[in-house]
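Student: Listed below, chain by chain, are the residues.
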Amino acid sequence: MRAVSIVTWDELKRNWLVFPGALLMGVLALISPFAPGMQQWNPETVREVSTLVVALAVMAFASIVLGSAILGGSLSSGRESFFLARPIGVFQLWLGRLIAALMLSLGAPMLVLIPLACVHPAATLAFLRRPSPVPWLLLLLPGVIAMAGLVRIMLRARSAWLALTAGTVAGALFIQAHMIVMPLAAFMLHVDGAVRYGVLATLPLVWSVSFLAGGAVAAVRGRTEARRAAAAGGVTAVTALGVLTLALCGGLAWVDAPAPADITQVAMVVPAPEGNWALVAAQARRAGITFPVTFLLDTTSGAWRRWSGTWWQLGGEAPFSRDGRFAAWWEDRETGASRLSGHIRVVALPSVQPRTPKTVRVVPAPLRPSGFGLALSPSGSMLAAVFGLKVSVWDLRSGRRVTTRTVGREFGGLLRVEWLRVSDTGDVWLGMSSHGTGARGRMKVVSLHLGPTGRHCDVVWEESGVAYLSRRMDTAAGGPGNVVALAIGDGGKAGHLVVRRTGKPNVVWSRPLEGLWPVRQILPFGEQVMLLVSRSVPASTARLGSSIIARVEPMGVTWVRTVQKVSWLMLGPGPDPGTAVVVINRHPGSRVQAPSCMQLSLQTGAMTPVGSNLLPAAVPWVVSPLPAPGSPGSRLFIRNRCMVLRLSEAGRLTPIAIQ
Amino acid sequence: MPQPRKNVIVVDGLRCAFGSKKVLEGISFSVEEGSVFALLGRNGSGKTTLVRCLLGHLQPRAGTVTVLGQSPWQDRAMLMREVGVVPEAPDAPPGWRVKDVIAFCERLSPGWDRQQAAGRLERFAMCGTRRVFELSRGQRAQLQLCLALSARPRLLILDDPVLGLDAVARQELYEELIRDLADRGTTVFLTSHDLDGVERLADEVAIVSRGVIVAQGTIESLKREWQQRLGHHPGLEEIFVRMARNGGVA
Chain A
3 MRAVSIVTWD ELKRNWLVFP GALLMGVLAL ISPFAPGMQQ WNPETVREVS TLVVALAVMA
63 FASIVLGSAI LGGSLSSGRE SFFLARPIGV FQLWLGRLIA ALMLSLGAPM LVLIPLACVH
123 PAATLAFLRR PSPVPWLLLL LPGVIAMAGL VRIMLRARSA WLALTAGTVA GALFIQAHMI
183 VMPLAAFMLH VDGAVRYGVL ATLPLVWSVS FLAGGAVAAV RGRTEARRAA AAGGVTAVTA
243 LGVLTLALCG GLAWVDAPAP ADITQVAMVV PAPEGNWALV AAQARRAGIT FPVTFLLDTT
303 SGAWRRWSGT WWQLGGEAPF SRDGRFAAWW EDRETGASRL SGHIRVVALP SVQPRTPKTV
363 RVVPAPLRPS GFGLALSPSG SMLAAVFGLK VSVWDLRSGR RVTTRTVGRE FGGLLRVEWL
423 RVSDTGDVWL GMSSHGTGAR GRMKVVSLHL GPTGRHCDVV WEESGVAYLS RRMDTAAGGP
483 GNVVALAIGD GGKAGHLVVR RTGKPNVVWS RPLEGLWPVR QILPFGEQVM LLVSRSVPAS
543 TARLGSSIIA RVEPMGVTWV RTVQKVSWLM LGPGPDPGTA VVVINRHPGS RVQAPSCMQL
603 SLQTGAMTPV GSNLLPAAVP WVVSPLPAPG SPGSRLFIRN RCMVLRLSEA GRLTPIAIQ
Chain B
12 MPQPRKNVIV VDGLRCAFGS KKVLEGISFS VEEGSVFALL GRNGSGKTTL VRCLLGHLQP
72 RAGTVTVLGQ SPWQDRAMLM REVGVVPEAP DAPPGWRVKD VIAFCERLSP GWDRQQAAGR
132 LERFAMCGTR RVFELSRGQR AQLQLCLALS ARPRLLILDD PVLGLDAVAR QELYEELIRD
192 LADRGTTVFL TSHDLDGVER LADEVAIVSR GVIVAQGTIE SLKREWQQRL GHHPGLEEIF
252 VRMARNGGVA
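Protein chains in written order, with this note's numbering: chain A, 3 to 661; chain B, 12 to 261.
Bound-form chain A, shown alone (with noise of 0.2 angstroms):
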């Protein structure tokens, strides 16, 4: 070690005119505000980004000029054998370079950074707070200034080493900006970058380690001799890049394929209206990464698939048909970075083993479709997906697209859709919303119907200033009277209820909301229809006052009960039939410390315990059709938001098994 610091001082001490020139390029990066042409920025801005510039420069400069010193100065000067007459190390004389070069070329940069510190100190400090991608630079350094030495010995000797490693460097750099830089770029915007970000951290080690690899290799090998070094150091850098280029790529797959037993935290269970299956969404982790995961799980079995969706893509996209046989998600995985290439994967549930999911078919859809914009018939037969202004229906049978229609153009591109169903039939309800300058608040349902005589678009219902849409209704389960939406419009002040009788939908019941306002959730399942509203409070009130649970039935409202002061309130289709399941927070402003989760019955109002720290699955976070009470879905429990855990009917709470 003792040999290493001398070398490393020895260089130091050579190369000492770098420090004060990094400070004479500070000095110059302050006074840049007076350039000419400089007056019309702000001087403060014009500092700052002249200084992290040379900064940056003085960093590159000091890591290529110093790094190329390392090996090749010495070798090229015909000097090497002056070290190596003395008694110190191969290894140990490039580890001291090595070092040297680092300390320069991170002083050099700091250095550059005192005259703005000194004239505006509070600025420099927030300016190092901010977020940067300087750790990343710092473990790229080394393996710059390795590469630097190795490329200069290369030179020297022209060896057709540098031609491979130039080769294996441009393929790396290919691979990792194919496999993980460009995905995450068109990952970012969605959760599933987490584990290419995670990864991202590691890429500059990758060129480091073997950069350095090949640089100690070459001062080893090669000694004196220039061709030796470039071959020798050649071999190491391309081997050690490729092997670890493809062990990287390698382990971003594994990380990027976890199971649920990876599961640390459960985010959201989803339960299929029908059967034993439901849609985890949950944090992973693996190899030290956290990233959002969802999974298809068969609660009995414990069988599972991959969702290639993240989590917060099940507001968006209903993955379930009713009798919960088939799902359907939108990916774009298979095709890489491109989010122009995804398709429409349904998969089929089989309730009997083997109880793999198999893809049945495979819709391609190069864009997303819009948020809360696919849906599957009741038995899976048909597909619908909204993308932009038009709206899409496969037939899954055939696999044949049976109509695209361009429905809300007046609402000038700026439409939300609220909801999406389909009929076994092709009929398509579609709600829609606006909140552009143009249209705002209004909202539109909207029936595709596809009979033999033709194809049309029906504008059923149409008002302004909607201020909610309920997103839960089930239109599709066919039979007159079905609820297609409850609307609350005239600035929160009425209500209407739009109910499909004989094909046509109409709005069959309006009435005033006196003292119901606001509705908190609006919630349809089975049979029923909850609609869960609080007292008039001043809206600027965070706490609410007593709540209040009210059955909603098509042709009116009925109060089951009130409900004591609370401060938080959720509702689901109860484990049992004819009751619903209600979580209760009285602490206010902690919506899940401790929540009391009961079972409600509907007819007498009496409410039993089901247990503590428990979130029921079924609860209307998404537009997918609730379970009925009494159903395996509306048995699913989350505990302490780690456990999924079953209600058996003899009121034991056992965890799944994941196969």
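Just so you know, nobody snuck in bad clues.
Among the chain B residues that face chain A by a calculated CB cut under 10 angstroms, a handful are:
#1 ARG87
#2 ALA88
#3 VAL94
#4 PRO98
#5 ASP102
#6 ALA103
#7 GLY106
#8 PHE115
#9 LEU158
Chain B stretches covered by chain A per the calculated footprint, using a threshold of three residues with CB under 8 angstroms from any CB of chain A:
#10 59 to 67
#11 117 to 131
Source of the hints: derived by calculation from the structure; they are not laboratory data.
In this text, a Cβ means the ideal position worked out from N, Cα and C, and glycines have one as well.
Starting from the known structure of chain A, arrange chain B on it as the hints suggest.
Tutor: Coordinates of chain B only, in the frame set by chain A:
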């Protein structure tokens, strides 16, 4: 009965090549402790390559090289504690001051004799503040010898140290070398084109031609051998010229 002296350098079947070009082919010799061994050869005959193998700068293709009982390629750093080197071309960094060069070597060499180093610089009339590139060719060679001897080595390897030196500088260098030999009995491995100098210093010589040793022995034994062949008493230069010109064929 006097005890046989140990071999400081043992080279056996040494082969060395640069790519497809063979430079040394089956070189074998040994150097006894306390002796002065001179390797003679024409330019490009492989002398410097052999020296680089002895110093661990080059890895032999085949054969073994043992210096002070160690492999120069594997144990170079340890070996250099006991080996002083004067290269063919003075290789001290030209931008360094003389005192910096001395200080650098002093810090790395455990057996460094500061007084000796200072004394030598004084004898060579060399100013410590001068930079290496400001020194004359002879002064640079003197500096190299000073560096090599001040570490008090057991073995001194000199690769044509008087190359390009004028007669005075050559004389000063030899005097310094002879003084050290007299003081400490250092083993010397020397390559040189200065046959007069070699004749003054060396106990044993080897002549290398085209990568092969074509003659080896004490100077006296070589002269006796060639006296019989030629019919007159030859000088070392005549022997060398005949051997080197004819590739070892008398």
